[in-house]
Each structure stands twice: as C-alpha cells, then as structure tokens.
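> Residues per chain, in single letters:
There are 2 protein chains.
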Amino acid sequence: MKTFFDCIPCFVRQALASVRMVTDDEAVQEEVLRKVLEAASAMDLRKSPPAMGQYIHRVIRQLTRDEDPYRRSKDRFNLLALSLYPRFEARVRRSKNPLETAVRLAIAGNVIDFGVNSDLTEEEVHQSVDHALKAPLDGDLAAFREAALNAKSILYLADNAGEIVFDRLLIAEQLPLNKLTVGVKGRPVINDATMADAQFAGLAGLVAVIDNGSDAPGTILEDCSEAFRRRFDASELVIAKGQGNYETLSQVQQDIFFLLKAKCPVIAEDIGCKVGSLVLRRSSCAKASAGKGNAYAGI
Amino acid sequence: MKTFFDCIPCFVRQALASVRMVTDDEAVQEEVLRKVLEAASAMDLRKSPPAMGQYIHRVIRQLTRDEDPYRRSKDRFNLLALSLYPRFEARVRRSKNPLETAVRLAIAGNVIDFGVNSDLTEEEVHQSVDHALKAPLDGDLAAFREAALNAKSILYLADNAGEIVFDRLLIAEQLPLNKLTVGVKGRPVINDATMADAQFAGLAGLVAVIDNGSDAPGTILEDCSEAFRRRFDASELVIAKGQGNYETLSQVQQDIFFLLKAKCPVIAEDIGCKVGSLVLRRSSCAKASAGKGNAYAGI
Numbered sequence: 014m015k016t017f018f019d020c021i022p023c024f025v026r027q028a029l030a031s032v033r034m035v036t037d038d039e040a041v042q043e044e045v046l047r048k049v050l051e052a053a054s055a056m057d058l059r060k061s062p063p064a065m066g067q068y069i070h071r072v073i074r075q076l077t078r079d080e081d082p083y084r085r086s087k088d089r090f091n092l093l094a095l096s097l098y099p100r101f102e103a104r105v106r107r108s109k110n111p112l113e114t115a116v117r118l119a120i121a122g123n124v125i126d127f128g129v130n131s132d133l134t135e136e137e138v139h140q141s142v143d144h145a146l147k148a149p150l151d152g153d154l155a156a157f158r159e160a161a162l163n164a165k166s167i168l169y170l171a172d173n174a175g176e177i178v179f180d181r182l183l184i185a186e187q188l189p190l191n192k193l194t195v196g197v198k199g200r201p202v203i204n205d206a207t208m209a210d211a212q213f214a215g216l217a218g219l220v221a222v223i224d225n226g227s228d229a230p231g232t233i234l235e236d237c238s239e240a241f242r243r244r245f246d247a248s249e250l251v252i253a254k255g256q257g258n259y260e261t262l263s264q265v266q267q268d269i270f271f272l273l274k275a276k277c278p279v280i281a282e283d284i285g286c287k288v289g290s291l292v293l294r295r296s297s298c299a300k301a302s303a304g305k306g307n308a309y310a311g312i
Numbered sequence: 014m015k016t017f018f019d020c021i022p023c024f025v026r027q028a029l030a031s032v033r034m035v036t037d038d039e040a041v042q043e044e045v046l047r048k049v050l051e052a053a054s055a056m057d058l059r060k061s062p063p064a065m066g067q068y069i070h071r072v073i074r075q076l077t078r079d080e081d082p083y084r085r086s087k088d089r090f091n092l093l094a095l096s097l098y099p100r101f102e103a104r105v106r107r108s109k110n111p112l113e114t115a116v117r118l119a120i121a122g123n124v125i126d127f128g129v130n131s132d133l134t135e136e137e138v139h140q141s142v143d144h145a146l147k148a149p150l151d152g153d154l155a156a157f158r159e160a161a162l163n164a165k166s167i168l169y170l171a172d173n174a175g176e177i178v179f180d181r182l183l184i185a186e187q188l189p190l191n192k193l194t195v196g197v198k199g200r201p202v203i204n205d206a207t208m209a210d211a212q213f214a215g216l217a218g219l220v221a222v223i224d225n226g227s228d229a230p231g232t233i234l235e236d237c238s239e240a241f242r243r244r245f246d247a248s249e250l251v252i253a254k255g256q257g258n259y260e261t262l263s264q265v266q267q268d269i270f271f272l273l274k275a276k277c278p279v280i281a282e283d284i285g286c287k288v289g290s291l292v293l294r295r296s297s298c299a300k301a302s303a304g305k306g307n308a309y310a311g312i
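Keeping their order, the protein sequence lines are chains C and A. Each residue of the first sequence is one higher than the last, beginning at 14 in the numbering used here. Each residue of the second sequence is one higher than the last, beginning at 14 in the numbering used here.
In isolation and in its complexed conformation, chain C is listed as follows (with noise of 0.2 Å):
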C-alpha cells in the first residue's frame, strides 16, 4: 500500500504520541518532531507507511539513547497476555469451532498497537477481546483452513508484543506447528514483537522462529536479510498478522491471509471494510504459480 495523504498528519502525531510515551524531555520531543516534519516534507509516497515509522523510532531511538525504549511495556502487555492465555486456552477448547475462535482472539489480540493507541489500557484489550468474540469476522474462514492445511510450508508473520501471545494460541492449538515457521522483527521497533517476545511468549520453544533483520514495523522485504527472503519466498503460505504488515505486503506477490484489526480509517479503506472490523483476508496478488519465484510489487 503507498502512503496517502491522510497518512501525514497521522506519522507526525504518532511520531509525538511515540516520543511522549519514552520521554519527558521536550527538547528531544521536539527534535523529534522537527526531524519527522523534515522527513516528511520529501518523503517517497510511492513508499508503505511503514517506511517512514522506520524512520520515525530509528529518530526517537537515537535521540532518547535507547535501543529497545518501549521493553517496558511489552512486557507489560506480554505479562497480561499470558495471564489470560489459560482461560483463552480453554475457550479455543471447548469452543464449537475451535479454529474460528482462535483466528477471532489472535485478530482481538492486534489492537496492542502502540503506532494507533499509545495510551492503551488494560481495559481496551478486555473490551477487544469481548469485541472479537462477538463481531462478525471479514473473511473465509474455510479458504483459511484449506490453505494451512494443503500448504506444505507456512510463514506466520507476527506483528506486536501481547499480540505475539494471542498468536501463539491460534498457532499452537489450530496451525501444523511442523511446517510452521514465525517471523518476527530483527529489531526492537516500537512495540513490535522480536526474538524476546516470542521467547517471552512461549512460541521459541514450540515452534521455528526466524527473526527478519529489519526494524520496519511491518515487512519491507528488501530492507529483509536474505535468510528471511528466501524463507517467505519458499513458504507457500503467509499468516501475516497486523496493519503494518497488510501496509508492506498487499501488493507483493505471494499467497498471504491477512489478519487484523482494521484499526485506520485509510487501510479500512484500502481493504474495503468498515473501521474496526475484524479482517481475515486473502491477498489479491497472490502467485500466479507456486515455486515460480516472487517479485516484490510493494516498495
């Protein structure tokens, strides 16, 4: 997806939001500011959002001196995650439909999203969480299925710490761990789930991980290691969870389902569905082909 217009005004005060959730010092809040209004001003549009919340936490990493400023609060929402996680373990369980209610708690588990909400309360993910049992889900839920179940290999993009929890439910109860890999961040971006959260998360022990060498809040494949690209290029399935990843991968060519929280009225847009709708998505621009190679149309 490019970056609209809309999307402007929203990177600058995320970029504020971000900064104030890290420190108090007004005089970095502003130079942060400063350098993001700059960045801005000449940025590529043809470029996803999330090339610029690259550049907006590499800034606020820099300034603050902090390499990984939002840990606290991924653990935070990693510790509450694990909390829930028996009772949830056990709803998966019993449920009529354990996969749809898995793919419906993995999707209420996106709006730990501290690009959208930096204020984020316990509350909100009760309230999600309740929201996601209730609502109706965008998608098909059986091409779903059909897809992890024939795919010889799967790719589970992970997108945020917390989130990562809710996740390792959807993997670990419905998924074929064996063919099964999770793609996480290769450094700390905002509240983006690394290496760390998915060790935090139960998933490392469970499950093949591969970190992606990038810290671009979504998927920038060409900002990727090499290992990750041949690792999503070889997967005949992408899980990709989140905003930022829809934002990165709807124009590459690959068999992907998205899962998220249409959380941002621009990509509601993009998609074709209401604010706040949960979404389970197949990519249009799906491989003509299996093993015929990928090009990357995004960025």
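Check the hints yourself; a few may be wrong.
Chain copies aren't distinguished; within one or between two, either way the pair holds.
Stated by the list, open to error - Below, simulated EDC-like cross-link-like pairs (lysine to aspartate or glutamate); rule was C-alpha separation at most 16 Å, straight line:
1) K287 with E102
2) K15 with E39
3) K60 with E102
4) K165 with E239
5) K60 with E43
6) K192 with D246
7) K15 with E43
Because the hints were derived from the structure by calculation, they are not lab data. Since the model is a prediction, treat every value here as computed from it, not as a measurement.
Keeping the supplied structure of chain C fixed, place chain A upon it in accordance with the hints.
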C-alpha cells in the same frame, strides 16, 4: 498563546483539509502538504498558531491561483446566517436577558470555522445554536456588561464569515453602536470575515468597520496596518471573537473579552475550560492603567 507540540499534527491535518476544500488536484494538494511540513519543521514555536495558518493559506492561494478560494463557502454561510437573523433577533428581543441571549448566539456562530471543521454542515450550525442557548456560559456576563457600558471606545474583532452575522445581532441589538468599531481581516484567509463580509452582513452600514491589513487567521498585531494598531491601542475595550483571536491576543496587554466556543483541546487547556465550552473570558493581561500605551506581549 505559543504553539504547542499538539498544534503541529493539527496544522498538517488542517492544511490537507483546507486544500481539499478548494481543489481536487492531487499535485497541488501534495505540494501544499510538502511546503507546510517543511515550514513546520523549522517554525518558531514561540509564535502563535495563526502564524502557521497564515503561511498555510498563503501557500494554498498561491498554488490554486485563487485570491479568495473560500468565497463561495463564505457566501453560503453568510446567507444561512442572514436567513436565521430575523428569528434570532426576535429571540433576543423577547429574552428576559437580551444581552446574555445575544452573547450566546454570537458564540454559537463561532462554530462556522473551516480551520477546525472543513466539512461543516448547516445542521451543525443549528445544533450549535441549540447548544449555545442551553449550555452553561463560562464567564462573567455582568463584568462584560459593565465594561461595555463604561468603555469610551470598543473594538469588536470579528472572526469568520457567517459568524459575523451572529456578531451583528450582539453589536446592533446590545452594544453601543456610536462608540464601537468592528475589525475585519485585511485580505482573505480561509473563511475569516473581510470587509466584503461586513457589508454582506449589513454591518458596514450600521457601524464603523476597519480592516486590519493582515491575512493572518487571528490578530497578529505586528502584521496589522498602523491604522489598525493605533485603533487597537486607543480602544478602551476589545471584544475578540474566536480561537484565532484568542491565540494571537491572549498575552497582549489590553482589556479584552474573548468570546468563543472552545473547539480545540489545546486552547481549552490554555483557557482552563472543557472542550465545547461557551467562553466569555476577560484577558488576564489587561493593561495596568488606561492610556499607558500598549506593549505587545504577543509575538
């Protein structure tokens, strides 16, 4: 009032909304965005927000090659307000407290602000009137009445087109016409009232009207004509309508009553009121003694 960090994303949002109101040309929209981002990245935050508003609308007028791109929208809201005028006039006349009713209606008119709401509908104007007639008035009406009675000269700074018709109600029905001058903008800037709107509203035939020589969406005294500054300085009382006048005059040493609807959280916080409040506040920077001359504490 200085520019707060929270004003910065709002500038970008306003610039985009404003240029979209006047052109569908995406190249123009993009150029406005880029120029505003660049200017914001280097702006002097000690200046008040309307300094950036002035820049934004100069860029929009220059790139659209239209000296008054909001003319039609201004006429629309002038006509709407004029069509409501007889009803409001009757309402003021039969009110138990006609000054209060006229003040409330003048504040209701302050909803006609394209900077805050570029999608304003006629329905919202009606809602604003209903709200303003019922909601608490945050201010000292008795002090306002006394100041208006005692002042030898009053300068009434109008805000927007459409709104100026609501001001006429207060001015013509409740204030001493013979010692009052209405101030309007010197050149078009967004939907701010100019001399054309004072004429349209029927004010120009009732009372003295002076233009301030400036195209800022507020009253940046340094940017105003010498004639206007002399009039400002010589006035014993200033009645300043709207957020832009508050932002630019809140720190000026002069006896000012600010009449506005607090539509923005930053301004509401600066005033010390809730968003949505009907505000009639006397400046805390009133001159120490009359006739002492005016030292601008503003930018």
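> Would you list, in rising numerical order, the hints stated earlier that this structure does not obey?
1, 3 and 4
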